[in-house]
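Trainee: Listed here are the chains, written in short residue letters.
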Amino acid sequence: MNTVYKQILNQLNVGILVLDEQCTLLYANNFIRDNHKHEPRTGVSLFSQFPEIPEDWFRKRVESVVMFHNTSFTSWQYRPHLLNLMETRPITGTHELMYQSCSLAYLGHFDQRHLIGLIVQDTTQTALSQMKLASTLKKLNAEHRQLQKLNQQLEEAQSQLVQSEKMAAVGQLAAGVAHEINNPVCFIKSNLECLQDYTRKLIELSQSVEGLIKHIDDEALKTQFNQYKASLDIGYIQDELPEILAETLDGTQRIQDITTSLRDFSRLDSAEWQQADIHQGLESTLKIVNHELKYSVDEIVRDYGELPSVLCLPAQLNQVFLNLLVNASQAIDKHGRIVIQTRHETGSESITIRITDNGKGIPAEIQAKIFDPFFTTKDVGQGTGLGLSISYGIIQAHQGNIQVTSAPGEGTSFLIKLPVTPKRTEHTVCV
Amino acid sequence: MTQNSLIANEPNELNELRQDALQEIFNISMGQAADSLASLVNDRVHLSVPQMHWVEKSRVQDLKAAMKRVPKGAIICQPFFGYLKGEILVCYEQGTQYEVIGQSLAYSRVDTQRWQHELLLEITNILGGACLRGVAEQLNIRIDFGAPALIDRHNDVTAILLNPSSVWVKALMMEIGFSVQTMSMTSDILICMPEHYIDKLFSCIDLLLE
Ligand SMILES: Nc1ncnc2c1ncn2[C@@H]1O[C@H](COP(=O)(O)OP(=O)(O)O)[C@@H](O)[C@H]1O
Ligand SMILES: [Mg+2]
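Going down the list, the protein sequences come from chains W and C.
Quick note: the first sequence uses my numbering, first residue 1, plus one each step.
Quick note: the second sequence uses my numbering, first residue 1001, plus one each step.
All clues stand as given, with none of them false.
So, partial list: chain C residues that the calculated Cβ filter (under 7 Å) puts toward chain W:
#: 1; residue: L1040
#: 2; residue: L1105
#: 3; residue: A1106
#: 4; residue: E1118
#: 5; residue: G1129
#: 6; residue: F1145
Cβ-Cβ distance ranges computed for the label pairs, FRET-style:
#: 7; chain 1: W; residue 1: T377; chain 2: C; residue 2: A1149; range: 48 to 54 Å
#: 8; chain 1: W; residue 1: T377; chain 2: C; residue 2: P1079; range: 57 to 63 Å
#: 9; chain 1: W; residue 1: M131; chain 2: C; residue 2: N1140; range: 42 to 48 Å
Incomplete in silico selection of chain W near chain C, CB under 7 Å:
#: 10; residue: T71
#: 11; residue: S72
#: 12; residue: F73
Keep in mind the hints are simulated off the structure, nothing from the lab.
Cβ atoms here follow ideal geometry from the backbone N, Cα and C, with glycine treated the same way.
Chain W on its own, in the form it takes in the complex (with noise of 0.2 Å):
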């Protein structure tokens, strides 16, 4: 009978050692001996034959199961491996070391002595998907929160385009307003062009009776004449009258240039691809954003070149360049100089208008990123990061390109090269 006993016990594929209480190794199954890279000899101690036990930890768990006559545990999480026995599988398997889980047996009182059983179990699998899971959940859980950063990032830009439609539509109504108020101002200009020639003819009228009246001899008419003359503060008002009218003229001309430049920056008919000037885009966004840039600009340098018109949304085009200026004034802290420098070459097919500034310029490890959506180094509510990208999609639908070069602390340069005529109109552009 105990040779079958000890059949079974080789046969079986769990590690079996079995010590008394001092930890002289009495017994090993076949399962160690063919897995341990020594063959244990028996009847010397356990730690000469694995030293890789430790063996304070192992002798007090001994002494505990025989105190107890109960049975302790190790598990691979925490203890993978207690002995160095080699993984069963060595050409497809991945690891050197068998994992194990392990438990320490009280078996009982024999000749003197108290016998314990070591019993180890192969976990190595069950440790490998454990592992390929846990590895595996972490990605997961780490794609997960990637994905919850763009579903946010998503709803950002939802309302921020939602914010720019806005935008868009106020634009439109500035542009409806500007259109209402530029009739009336249309007929008060010329209405005050009339009056300046009437009061120009009455001055005149006045000026030769003053002459006329000079060369009569009823000093008491002259007296009388020149006591009315001062009374109603003639001679003021003659001088004053021209001046006045010509500065309310000139108030009436720049709100018509304000009206002027605010229709043509929404153009209101510019939602259709149309030839349009190019410098007349630029001058009109000039005048928008002039309040933006009269504090830190000294000089805006106008270097145009002969330019075809072009095929294009001039809105939109508009848009770009109001945020390449507006960017380029933030950049500049002060004795800012912008130049506007446009081109076409003759017999090319393409345009450029490149928007040069002296403002701080933009450090190289961050100029890939600048057209990124949200990108931005102003603080919350100064910028939105969104200009230069969507800059970017409106010379994109142009079928055009823009780059970018700069210095830090020497200044910044954003070159745009448009195509004359674009291929494919049909394209429509999302601000």
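Since the structure of chain W is already known, use the hints to place chain C with the ligands on it.
Mentor: Frame of chain W; chain C with the ligands shown alone:
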């Protein structure tokens, strides 16, 4: 002690007798367990008088109310089997000091940080074994243990018991307060046995009562 229909079809007097006997058996076992634990960890160990709770899953809230305290922390569970079958649940609160008890189990100071969970598993194993060994001896039955496992890193035991997909319906739960002086910890051991094994338990007790 919360009582309910678990044993309602038995005459009440007999049940009271049985419960008193069970209580007594546990009391004796706890005393022995505390002594052997103390000698192993070289420290003052206190195990409280066990409180018996008869619990239905639908009324775990009652258990929560009836328990002396409901600590929250790492929860370790260890199955036991043999003549009786059930699980031991122990909750270790955060802030427990493991250095001293770790040292008495031959974990160095640095080790206790790294091996904290293994240490908890072993403490649970020793505790559970110590508590139930006396019970098994007095009832003259065999009880063996499975490997303990960490089933939740931070929770309270009643939340674990409430898990809707767990299989138990009615059970006997013995609540034992446990404290080791140097661990500056008081915690709860919950020995849980499903309804089915209560009958077996009572038939053992009946033998003793004869
Ligand atoms: N002319 C410029 N000079 C320096 N930095 C610039 C210039 N134009 C753009 N940038 C940088 O690119 C970033 C993105 O610009 P933009 O997309 O317009 O968003 P925003 O202006 O709202 O920050 C800015 O935050 C800034 O750091
Ligand atoms: Mg911007």
